[in-house]
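2 protein chains.
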Amino acid sequence: MAEAALDALRERLNRFHALNAAAGVLDWDMETRMPRAGAASRALQYGAVLRAAHETLVDAQTLRLVDALAPRFSRADDESGDAALWRWAERETRRRRLLPAALVEDLARATARAQDVWAEARAKSDFALFRPELERVLALKRRQAEALAPAGDLYYAWLGEHEPGLTTADVDRLFSQLEPGLSALARAAAARAPSARPPALSGRFDVARQRVLGEAAARLIGFDFSRGMIDESAHPFSCALSLGDVRLTTRYDESDPFSNVFTVLHEAGHGLYEQGVDPALADTPLCGGATMALHESQSRLWENLVGRGRPFWTAFLPRLREIFPSTSALGLDEVLAHVNRAQPSFIRVEADELTYSLHVLLRYDLERRLLSGALRVAELPEAWNAGMRARLGVTPPDDAHGVLQDVHWSAGLFGYFPTYALGNMISVQLYEAARKARPGMEECLSRGDAQPLLSWLRENVHRHGRAFSAEQIVRRACGGPISAAPYLAYLRGKYAA
Amino acid sequence: MAEAALDALRERLNRFHALNAAAGVLDWDMETRMPRAGAASRALQYGAVLRAAHETLVDAQTLRLVDALAPRFSRADDESGDAALWRWAERETRRRRLLPAALVEDLARATARAQDVWAEARAKSDFALFRPELERVLALKRRQAEALAPAGDLYYAWLGEHEPGLTTADVDRLFSQLEPGLSALARAAAARAPSARPPALSGRFDVARQRVLGEAAARLIGFDFSRGMIDESAHPFSCALSLGDVRLTTRYDESDPFSNVFTVLHEAGHGLYEQGVDPALADTPLCGGATMALHESQSRLWENLVGRGRPFWTAFLPRLREIFPSTSALGLDEVLAHVNRAQPSFIRVEADELTYSLHVLLRYDLERRLLSGALRVAELPEAWNAGMRARLGVTPPDDAHGVLQDVHWSAGLFGYFPTYALGNMISVQLYEAARKARPGMEECLSRGDAQPLLSWLRENVHRHGRAFSAEQIVRRACGGPISAAPYLAYLRGKYAA
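Quick mapping for you: the protein sequence lines, in order, are chains A and B. Letter 492 of the first sequence, counting from 1, is numbered 491 in numbering that gives the first Met the number 0, and no numbers are missing. Letter 397 of the second sequence, counting from 1, is numbered 396 in numbering that gives the first Met the number 0, and no numbers are missing.
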């Protein structure tokens with residue numbers, strides 16, 4: 000009887016998961032392949048699929064099954080896979096049953112349309128073009144927050160979509176630990192003269208060869224191309240359509256061979272997480288990264304702690320020189336100095352490790368003011384620029400380098416940005432725990448073998464999928480809670496010197 | 000009140016359409032981009048989307064709305080768009096409500112899996128690998144037919160999915176008009192010595208240049224690349240994801256520059272139909288080709304009546320010579336003789352105009368025997384080869400050139416093949432009606448202007464979408480019913496000389 004109920008629940012949850020993955024295919028196609036003339040209809044298709052997913056999850060029969068199984072699984076210390084699945088279902092149905100299906104569909108349609116308009120607005124640096132779309136998305140996101148948190152923490156309604164388990168108060172506490180130290184380090188860096196670009200990097204770097212270089216970087220850290228691929232898009236992203244189909248995108252800058260490499264390392268970091276989930280969880284809602292902060296901890300770990308370090312470049316510099324012979328005079332120390340220079344800049348995704356989180360703090364602040372009504376969309380470009388001056392000491396030359404740079408808000412991804420800074424913190428905690436557990440891992444990495452690090456991450460993070468919260472995974476893997484201190488200490492060691 | 004009911008029905012029908020289009024995106028991606036390791040999960044995703052579409056169409060509320068609106072729209076001569084939509088809904092719900100949702104989902108999953116295995120089996124020419132998949136698909140298709148036609152014409156349950164409006168008896172009657180004349184012409188052609196390959200066609204033809212040539216052919220006949228694209232896949236196909244997003248695929252043979260050109264003309268013929276639907280029908284279930292026979296009439300018209308004719312090559316030969324200078328010695332008559340040679344061969348999609356329909360008649364015969372139980376899947380390769388000998392006088396050297404050549408059965412597309420031969424018949428009826436209505440159209444075509452023909456097709460066929468049946472469209476456009484006689488007369492004029 001209980002087995003039949005569990006099977007019936009599992010079937011519905013897996014169908015929800017399959018419909019979400021299908022929406023992922025639509026989204027991937029929209030970003031990489033679809034002609035713009037298809038955008039309006041695609042918004043309807045995307046809305047219909049996400050509505051069907053929502054209705055599958057919150058229909059009366061699913062809710063009855065979740066309730067019926069509560070006595071069996073409500074012990075919080077039950078670590079069985081079935082209990083983890085039930086807990087996921089209990090949490091998600093409790094949250095999502097508060098949302099009307101029409102709102103889910105409207106939001107999906109509005110964000111699909113807004114992303115299309117955002118791309119044009121960014122290309123033209125024309126905020127006025129984007130403004131009505133953003134206003135529409137924000138109004139729907141506010142209705143969503145009000146439906147989810149009728150009496151409580153409104154911002155958590157956004158945050159919890161990406162980071163279930165952390166409250167807005169948790170984020171405030173962690174960010175208040177981070178900000179003073181970070182700002183002081185950034186001010187010191189800004190006062191130093193910018194380092195000159197090595198002459199060997201002044202040429203053009205052919206895109207076809209950059210593609211080979213990016214794939215080599217992904218392969219070095221262990222990305223499995225038989226279960227994934229790298230494509231091209233305006234705004235790089237990764238998506239896991241299934242355990243056997245994990246996709247990344249990158250973009251190419253002909254004047255800079257590093258931009259693509261770091262983009263690939265970042266996105267492949269996400270991809271490794273998705274490829275590393277226990278196959279027993281395949282095609283269930285537990286197949287995927289636990290939270291976005293944990294996901295960003297993986298992308299930032301490979302991009303920064305590995306990708307800007309001496310062991311990685313010891314192994315990878317020969318590949319760069321081989322693929323681009325014009326860099327054959329470039330020395331290891333010169334590369335390390337180049338990829339670790341720190342200077343305030345306009346674009347978050349191109350920011351150095353030191354100033355990166357300041358970009359995030361700005362967005363977090365703006366989102367809270369937009370939600371409370373203290374800031375209107377029309378005032379956003381000015382507030383953005385004022386925030387950049389206050390936090391980073393620079394003023395964007397135009398909105399393309401300012402408020403229009405990120406796709407997130409057009410996609411309805413409010414409450415997402417904090418997870419980047421949280422991911423930075425966690426990345427250092429995990430890297431240090433891994434180094435303690437696998438003392439030879441950096442030596443292996445400098446010989447081109449990332450397996451010791453990757454297998455530790457697989458064991459301690461990836462394989463669990465969504466069976467545990469970010470906080471649980473960090474406590475188990477690192478022996479303590481999520482904390483800003485190790486990250487600040489790491490940055491101080493690197494940039495205060 | 001009636002307006003509210005109509006709006007509510009329209010919303011549901013459009014959501015059904017959007018979910019089907021979403022399944023189209025999944026399918027397109029599966030054929031062109033997905034890594035094979037993603038196949039098993041993709042089958043689940045595809046099943047979930049098609050199940051959601053089905054449930055949207057046949058849920059109690061949709062059925063109530065269709066019934067409630069019957070008094071308003073049941074007059075068969077009501078040509079309003081609303082009446083056409085209601086008629087479509089009445090027919091499709093009457094048909095689909097007989098199908099259990101679980102069967103729809105099982106069939107979608109089984110066909111997604113079977114297509115993946117079919118591709119491998121064809122590559123290895125290994126029918127044994129494919130056999131269990133085909134048995135599973137056939138068993139589900141038989142259950143589907145039994146659910147749809149509990150007491151009647153079982154084969155129509157398959158046929159009607161692609162060709163609503165024509166019964167199995169109609170097809171039998173049309174094919175019995177076609178077969179004797181066709182067989183006699185084919186026997187006469189087989190007795191003639193095969194024509195030699197022009198020496199200018201003996202080289203290698205670079206794929207990148209073939210891509211340019213194919214795009215030039217599509218552009219010449221009017222395909223709109225701002226609302227579509229050409230990609231590559233193992234089995235060429237076309238799909239309309241929306242009015243603004245119509246996709247074709249082709250494949251390249253480095254030893255033959257014509258194969259890709261004819262594939263593109265064929266698939267772009269489908270694409271022109273989809274791009275030509277009245278924008279007022281966009282994002283509704285009436286947006287698309289009326290039936291598959293009409294669809295194939297469009298692809299075969301552009302591939303054969305245009306693409307193998309003197310006017311087209313008068314305009315296009317200079318492009319071929321320009322892109323492949325090695326063909327600059329090739330004369331117009333030589334090209335026409337080459338692309339119109341007729342000889343029995345193994346592969347349907349590469350068959351000449353004369354023998355093509357014989358391949359179809361074979362498949363129609365085998366499908367009927369599979370459905371009745373007179374033929375088992377295990378016996379299929381032998382029955383295929385025997386049928387090829389009897390109808391075309393040739394024996395396939397292996398199953399890759401025989402029973403494994405087509406994707407259709409793996410995709411559950413039983414009852415589809417007849418529409419190719421019906422499309423051949425209709426293509427001649429429409430082409431002749433167009434030539435009568437636009438006497439200068441071939442002269443325009445020989446100057447590279449396909450608009451007179453295209454605009455006639457737009458007016459008389461494309462714009463109507465699914466508002467009328469194939470028979471209605473042919474009667475209006477050509478002044479008579481679908482008939483084999485014009486097609487046979489055309490073939491006689493061309494091949495009996």
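The reader is advised that the hints may include incorrect statements.
Where chain B lies over chain A, by a calculated footprint (3+ residues, C-beta under 8 angstroms) [said to hold, decoys possible]: (1) 38-45; (2) 177-191.
Stretch by stretch, here's where chain A covers chain B in the computed footprint (C-beta under 8 angstroms, at least three residues) [what the hints assert, rightly or not]: (3) 235-246; (4) 406-418.
No lab work stands behind these hints: they were computed from the structure. Quantities reported herein were computed from a predicted structural model and do not represent experimental measurements. Yeah, the Cβ is synthetic: ideal placement off N, Cα and C, and Gly gets one too.
Structure-based check of each hint:
{"no.": "1", "hint": "38-45", "in the structure": "holds (count 7)"}
{"no.": "2", "hint": "177-191", "in the structure": "violated (count 0)"}
{"no.": "3", "hint": "235-246", "in the structure": "holds (count 5)"}
{"no.": "4", "hint": "406-418", "in the structure": "violated (count 0)"}
The structure is inconsistent with the numbered hints 2 and 4, although it conforms to all the rest.
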